[in-house]
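Participant: Those protein sequence lines, which keep their order, are chains A and B. Each residue of the first sequence is one higher than the last, beginning at 1 in UniProt numbering. Each residue of the second sequence is one higher than the last, beginning at 1 in UniProt numbering.
Keep in mind the hints are simulated off the structure, nothing from the lab. Being a predicted model, the structure only gives us computed values, none of them experimental. Check before you lean on any hint, since a few could be wrong.
For chains that are exact copies, the list does not tell them apart, and a pair is met inside one copy or across any two.
Capping the alpha-carbon separation at 27 Å, the derived lysine-lysine pairs in DSS-like fashion look like this [as the list claims (entries may be wrong)]:
| # | residue 1 | residue 2 |
| --- | --- | --- |
| 1 | K9 | K354 |
| 2 | K234 | K202 |
| 3 | K9 | K328 |
| 4 | K363 | K202 |
| 5 | K9 | K347 |
| 6 | K247 | K9 |
| 7 | K202 | K328 |
| 8 | K186 | K99 |
| 9 | K149 | K363 |
| 10 | K233 | K363 |
Below, each chain spelled out in residue letters.
Number of protein chains: 2
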Amino acid sequence: MNYFSSNFKLGILGGGQLGKMMLYDTRKFDIYTCVLDPSADAPSRLACDEFTIGDLLDYDTVINFGKQVDVLTFEIENVNVDALETLEKQGVKVFPSSKTLRTIQNKATQKLFYRDHNIPTADFSRFAYTSEIDEAIDHGGLSYPFVWKSARFGYDGTGVKVVRNLSDLTDLPNVECITEKLIPFKNELAVIVARNAQGDVKTYPVVEMEFHPEANQVEYVICPARIPDAIAKKAESVALKVAAEFKHVGLLAVEMFQTETDDILVNEVAPRPHNSGHYSIEASYTSQFEQQIRCILGLPLGNTESKVAGVMVNLVGAENHTGNVVYKNIENILAMDGVTPHIYGKKQTRPFRKMGHVTIVNKDIAVAREIAEQVKRTIEVISE
Amino acid sequence: MNYFSSNFKLGILGGGQLGKMMLYDTRKFDIYTCVLDPSADAPSRLACDEFTIGDLLDYDTVINFGKQVDVLTFEIENVNVDALETLEKQGVKVFPSSKTLRTIQNKATQKLFYRDHNIPTADFSRFAYTSEIDEAIDHGGLSYPFVWKSARFGYDGTGVKVVRNLSDLTDLPNVECITEKLIPFKNELAVIVARNAQGDVKTYPVVEMEFHPEANQVEYVICPARIPDAIAKKAESVALKVAAEFKHVGLLAVEMFQTETDDILVNEVAPRPHNSGHYSIEASYTSQFEQQIRCILGLPLGNTESKVAGVMVNLVGAENHTGNVVYKNIENILAMDGVTPHIYGKKQTRPFRKMGHVTIVNKDIAVAREIAEQVKRTIEVISE
């Protein structure tokens with residue numbers, strides 16, 4: 001198949017920010033793209049060749065969209081997986097596969113997959129409804145504290161909560177869920193694995209999510225992670241095992257904990273470009289977005305090494321600000337060395353809404369980290 | 001003015017490949033863009049917010065397009081400069097200015113500008129018509145060989161020719177033109193100067209255009225140029241002088257000769273992103289396209305240094321091939337380290353038509369140069 005011709009069509013389910021960033025690379029390679037998204041204002045509405053408005057969870061909509069393309073991918077997990085399976089049977093190349101997505105879509109089956117394939121992960125229990133957790137506690141099968149996770153997407157809420165007592169528990173929605181042992185960890189790490197249909201595989205360097213000391217929120221993604229080589233190698237090999245067991249085609253972002261005893265436990269995976277890989281646009285020889293295209297089109301994989309060190313800061317809406325967004329002091333961060341803001345184009349801000357990200361690159365990771373702190377202190381995402 | 005809001009509109013005259021590459025950065029910063037181009041198939045038709053089909057040389061068309069935007073720029077010199085001047089008077093910020101563009105648009109006035117401002121350039125003569133050159137030769141005011149250049153754009157032809165005898169001369173179109181002394185040179189160099197309205201100025205590293213030993217055609221653009229530091233400094237200072245004399249706002253690509261006696265002579269300038277700066281997308285901290293946006297919006301300038309060395313190869317249509325384009329062996333170059341093809345999306349190839357470019361980056365310039373040679377030997381732009 002000649003990808004570099006107008007006879008070839010790549011379909012992307014989801015027209016969000018990840019899709020928007022991927023479209024830069026499809027345009028660079030002049031690959032014809034069709035995007036499906038429910039919102040007429042989706043960031044990908046520009047830059048794709050054909051934009052279709054439609055429900056990603058509706059079987060017929062996804063079938064009708066998918067059957068006109070040669071290769072179909074997604075930039076969001078919450079799509080109709082039955083439709084993907086039908087399309088695969090009809091000869092459309094769906095990457096990553098419907099089987100992998102089905103396993104990942106449900107956090108309970110995702111965890112079972114790890115257990116079945118001897119992939120290290122925190123111990124867990126599975127519940128058809130949150131209300132059943134109570135009983136497990138009563139019977140001594142579970143004790144506080146633990147981490148509660150909704151098994152599925154698609155309800156209004158964060159989906160993850162640390163439960164320390166009964167009152168934490170009663171606030172939760174009554175949905176299919178898992179509980180996980182609360183693991184004290186030194187670091188939260190991530191590795192993006194790239195694998196094409198031929199089975200060629202490469203990993204990006206291990207990155208580190210640095211947490212805010214009080215807010216317990218990821219503040220910086222740092223590449224490379226400031227960890228010993230032996231830990232990095234262990235994390236890489238766990239990530240490679242996960243991708244191999246999935247026979248994955250595409251990017252797989254593997255989030256992991258480095259425990260206090262230096263074990264590596266898989267937290268969860270995302271079968272697509274990922275926030276932990278945004279630094280790659282500026283820092284890597286091949287950005288994660290170009291790499292995703294290489295993977296799913298069966299092209300040779302690009303170099304995953306870094307030209308320079310990178311730090312990524314998420315831009316989220318400030319507390320107490322709701323309304324038309326203003327990026328206060330953005331000019332000031334543009335004056336800092338190696339700083340690139342990515343503005344997602346959402347017109348309205350609200351507290352903690354993800355509005356963009358900023359990448360800071362430098363030959364010296366310590367300098368990049370310092371400038372990242374300045375960036376964070378300087379720019380404010382507020383309302384008019 | 002808040003550039004990062006939907007109230008702000010950036011207008012771009014010309015929707016070609018340069019505009020297309022600039023739109024990646026306007027999208028990254030979420031800057032609203034309006035593009036005017038005569039072709040419904042222009043590369044920028046995607047990725048801009050508003051696309052208007054219209055003649056760039058028509059006064060009323062440019063006025064009507066320009067009066068709806070806050071800042072107006074161009075990605076091609078061949079636009080109606082009277083309209084730009086009117087728009088400036090009406091309060092539209094036009095960068096680079098109409099005055100600069102008017103001087104540059106005509107190669108005779110461009111050369112006079114250099115002479116008037118003591119900018120080193122090859123000796124030249126000015127002719128209202130090519131047919132007048134004959135007489136100058138007869139009177140001994142000019143002798144073979146010399147370089148003939150059309151003063152203006154907009155006729156079918158290359159615009160530059162080395163004239164060695166009468167028969168070379170008679171083949172030329174009878175238009176306003178200049179003749180230049182033929183200067184034997186060691187190297188053809190270029191420096192891109194970035195300057196914003198506040199007068200902040202930065203230069204990109206000096207690049208070298210490496211010529212094919214026989215075809216006398218630029219084969220590689222190499223950054224940094226493999227020349228002594230003293231020559232690089234001289235080239236930089238000449239380029240800075242040109243930008244300062246123009247009181248330029250925006251990018252100015254200054255092409256220069258390093259003569260056999262190590263003098264630097266300005267050949268010509270382009271007031272926009274330039275082929276000699278394409279390497280910057282992959283190699284520089286700030287690509288020339290992002291830098292152009294920073295310049296014309298009065299934002300702080302980005303770091304012009306390189307993360308890694310870069311070599312750029314133009315992809316042109318192979319001889320004896322006309323028709324639907326095929327990029328033969330593109331998969332093979334994608335397997336090479338640090339190689340990024342940029343495909344411009346023209347559906348038809350013809351001999352020597354510029355169809356794209358390939359950037360090769362590496363920590364070691366010698367390795368990048370070697371891979372560039374492999375790229376050139378491998379990929380072929382042919383017809384089906």
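Participant: Have a look at K363 and K202 and pick one of within, between, both or neither, based on CA distance no larger than 27 Å.
Facilitator: The answer is both: 23 Å in one copy and 20 Å across copies each meet 27 Å.
Participant: Checking an output row: K9 and K354, CA cutoff 27 Å. Within, between, both or neither?
Facilitator: Between. Shortest inter-copy distance 24 Å satisfies the 27 Å Cα cut-off; intra-copy 30 Å does not.
Participant: How do K149 and K363 come out at 27 Å by Cα distance, when the copy is not named: within, between, both, or neither?
Facilitator: Answer is neither: 39 Å inside a copy and 45 Å across each miss the 27 Å cutoff.
Participant: As a check of your reading, is K234 near K202 (CA-CA no more than 27 Å) within one copy, between copies, both or neither?
Facilitator: within (15 Å within a copy, 44 Å between copies)
Participant: Go through the copies and call it for K233 and K363: within, between, both or neither, with a Cα cutoff of 27 Å.
Facilitator: Answer is both: 22 Å inside a copy and 24 Å across each meet the 27 Å cutoff.
Participant: Classify it for me, K247 with K9: is the Cα-Cα distance of at most 27 Å met within a copy, between copies, both or neither?
Facilitator: Within. Shortest intra-copy distance 24 Å satisfies the 27 Å Cα cut-off; inter-copy 47 Å does not.
Participant: Are the CA atoms of K202 and K328 at most 27 Å apart within a copy, between copies, both, or neither?
Facilitator: For K202 and K328, only the inter-copy Cα distance (25 Å) is at most 27 Å; the intra-copy one is 39 Å.
Participant: At 27 Å max between alpha carbons, let me know whether K186 reaches K99 within a copy, between copies, both or neither.
Facilitator: Neither: 33 Å inside a chain and 61 Å across chains, both beyond 27 Å.
Participant: Should K9 paired with K347 be assigned to within, between, both, or neither, using CA atoms and 27 Å as the limit?
Facilitator: Classified as between; 15 Å across copies, 31 Å inside a copy.
Participant: If the cutoff is 27 Å on CA atoms, where do K9 and K328 land: within, between, both or neither? Let me know, please.
Facilitator: between (40 Å within a copy, 19 Å between copies)
Hint violations for this structure: numbers 8, 9, all remaining hints satisfied.
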